[in-house]
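So the protein sequences, as listed, match chains A and B. Each step along the first sequence adds one to the number in full-length UniProt numbering, with nothing skipped, and position 47 is 47. Each step along the second sequence adds one to the number in full-length UniProt numbering, with nothing skipped, and position 397 is 397.
It cannot be assumed that every hint is accurate.
[What the hints assert, rightly or not] Over the 10 Å line for every Cβ pair with chain A, so calculated as not near, a few chain B residues:
1) 27
2) 39
3) 130
4) 137
5) 274
6) 276
7) 340
8) 348
9) 352
10) 411
11) 422
12) 424
13) 445
[To be verified] Each computed EDC-like pair below joins lysine to aspartate or glutamate, with the alpha-carbon atoms no more than 20 Å apart:
14) 123/B x 104/B
15) 14/A x 41/A
16) 52/B x 19/B
17) 52/B x 87/B
18) 14/A x 91/B
19) 14/A x 54/A
20) 123/B x 436/B
21) 52/B x 40/B
22) 14/A x 250/B
23) 14/A x 81/A
24) 123/B x 139/B
25) 52/B x 83/A
26) 52/B x 81/A
27) 392/B x 357/B
28) 392/B x 436/B
29) 392/B x 350/B
30) 14/A x 40/B
31) 14/A x 364/B
Simulated from the structure, these hints should not be mistaken for laboratory data. Only a predicted model underlies this, so the values are computations on that prediction, with no experimental measurement involved. Heads up, the beta-carbon is just placed ideally off N, CA and C, and yes, glycines get one too.
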Amino acid sequence: MRTVNDLSREVRSKNAGPFWVTMEVFLHDAAGLAAIAFLDERVIAELYRVPEGDVQIFRIPSLNVVKISFPRPVVQGSLHDRDMHAGQHHVPLATLPLPG
Amino acid sequence: MTVRVLVPTGMLGGGFPPETVARGLDLGADVIAVDGGSTDSGPYYLGSGIAKTAAAAVARDLRVLLRAAATAGIPLIVGSCGTSGTDSGVDWVAGIVRGILAEEGLSLRVATIYSEQQAADLKEHLQQGRVHPLPPAGELDPETLESCRHIVAMMGHEPIAEALTAGADVVLAGRATDTAVAAAFPLLHGMPAGPTWHAAKIVECGGQCTTNPRAGGVLATIDATGFTIEPLDPAVACTPASVAAHMLYETVNPFTMREPAGTIEVADARYTALDDRRVRVEGSRFEPAAQYTNKLEGARITGYETMSFTAIRDPHILGQITTWATLLRRMITTWVRDTLGLGPEEYALDIRLYGYDAILGDLDPDTRPPREVGVMLLVNAPDQQTATAVAKVANPLMLHLPTPDMDYLPSLAFATSPAETERGAAYEFVLNHVVDAAPTSLFRIHLEDRDAYGK
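With the hints as constraints, model all of the structure from the sequences given.
Written out as structure tokens, the structure is:
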């Protein structure tokens with residue numbers, strides 16, 4: 001099954017300060033950008049189990065990038081934070097199957 | 001009129017080839033700017049006031065940069081000294097600088113800028129309605145301020161510019177925005193705000209905006225209509241995509257970024273290749289804010305932690321690893337109650353199955369049985385002795401706990417002896433707020449005499 005990863009040069013995640021996580025999908029081309037148009041606030045909210053209203057999505061056609069930001073469900077460095085830099089949280093997004 | 005800003009690396013102590021700095025001087029650098037900190041490695045560094053970087057690594061970088069600044073007669077600016085920018089962090093870097101100046105016989109005038117805040121002062125600001133939450137934080141209560149071990153305010157460029165105007169050759173700043181460190185000198189010399197702030201954001205991580213982030217830093221040349229950026233290593237390139245993409249890095253919003261004095265707006269910026277390794281950027285704007293604000297960062301102690309680590313290779317246990325982990329938690333809770341008399345509300349546990357789902361938990365899309373699992377037990381308690389006592393009570397379970405269907409006791413693979421490691425105080429970030437202020441009112445600038453160092 002084809003995934004977001006298959007359309008991308010890189011999928012990455014990182015803290016944007018202690019209280020936010022941000023992710024970028026670097027698509028190979030404009031066709032890839034069009035193919036992940038299904039990635040909206042609701043899809044991200046379900047994938048990461050966060051409130052839909054907290055999700056911000058930015059599409060940047062000049063770079064073939066989709067950027068996604070939402071508040072960290074677990075604050076950085078607290079007892080139950082297992083990813084200090086949020087650098088491995090791109091995996092559910094990268095391995096998400098494409099629809100159809 | 002142009003101002004050229006040399007950024008040797010994204011983090012003081014991160015290292016860079018010394019010849020890249022020499023090349024920056026050859027290209028006519030007017031100032032060297034480098035960031036010394038970040039919140040990115042967690043709350044410990046602010047909470048404890050101890051730096052993440054090794055003193056020897058910071059000294060190695062500073063020796064190259066201080067020599068370069070003295071040779072070229074240009075200022076050196078270091079922001080967020082000591083990782084978190086506490087007063088202890090500024091003093092730590094200042095001590096390293098003093099040692100190098102004396103050893104090298106350099107006569108440079110050093111300014112230190114302190115950004116640590118007192119809870120009592122901030123409570124006054126809070127009562128006057130001058131403290132505001134940033135999303136996703138709520139309103140601040142005064143007890144939260146009291147609970148912090150350290151609170152810093154993030155300075156804009158103004159305190160740094162003031163120190164330079166007063167005659168500093170070397171400015172060692174406490175907590176500062178990543179961009180203020182690179183923006184201070186160009187703004188002081190009349191460069192326009194839009195290109196200056198945008199350039200400062202692009203260069204703040206050194207070579208991150210190039211095709212090879214490990215090959216040293218960059219030089220930004222700012223002028224009246226925009227800026228040009230090039231890598232210091234001649235074998236490395238900046239491309240329109242590598243430069244534009246850096247606005248994505250560690251930012252919530254790739255088009256706008258708030259600074260104390262206003263907002264950087266780059267939605268209309270145009271990135272053009274001047275040749276195969278230099279990029280020209282025009283069209284960036286800076287919108288002044290109606291109210292000047294400084295962001296606050298604070299960390300408090302949540303308790304004291306003890307860690308224990310065992311590992312499992314037996315496929316029988318690995319085949320039902322979540323059942324085993326659930327049993328482990330239940331047994332620890334029972335044994336701690338029976339031996340220490342502590343209820344589950346009197347301490348906290350985190351059991352992490354490395355090799356199975358430790359990082360992503362129930363977000364993990366892959367639920368296949370693992371081949372090998374490291375079991376980390378983290379105990380958080382109000383004091384160290386209690387945390388360690390809980391971990392020691394858990395020790396026989398982490399050595400011998402079977403799955404419910406086993407009629408013998410397995411022996412699992414502890415990684416170390418002793419199995420427990422005391423981690424000391426654990427911290428958390430608690431402030432995500434700004435305070436209305438005048439540009440330099442929260443910061444203390446101290447300019448040392450040139451002759452304070454051995455000549």
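Check your understanding: For this structure, which hints from the list above don't hold up?
Key -> Going through the list in order, the structure violates hints 2, 4, 8, 9, 14, 16, 18, 27, 28 and respects the others.
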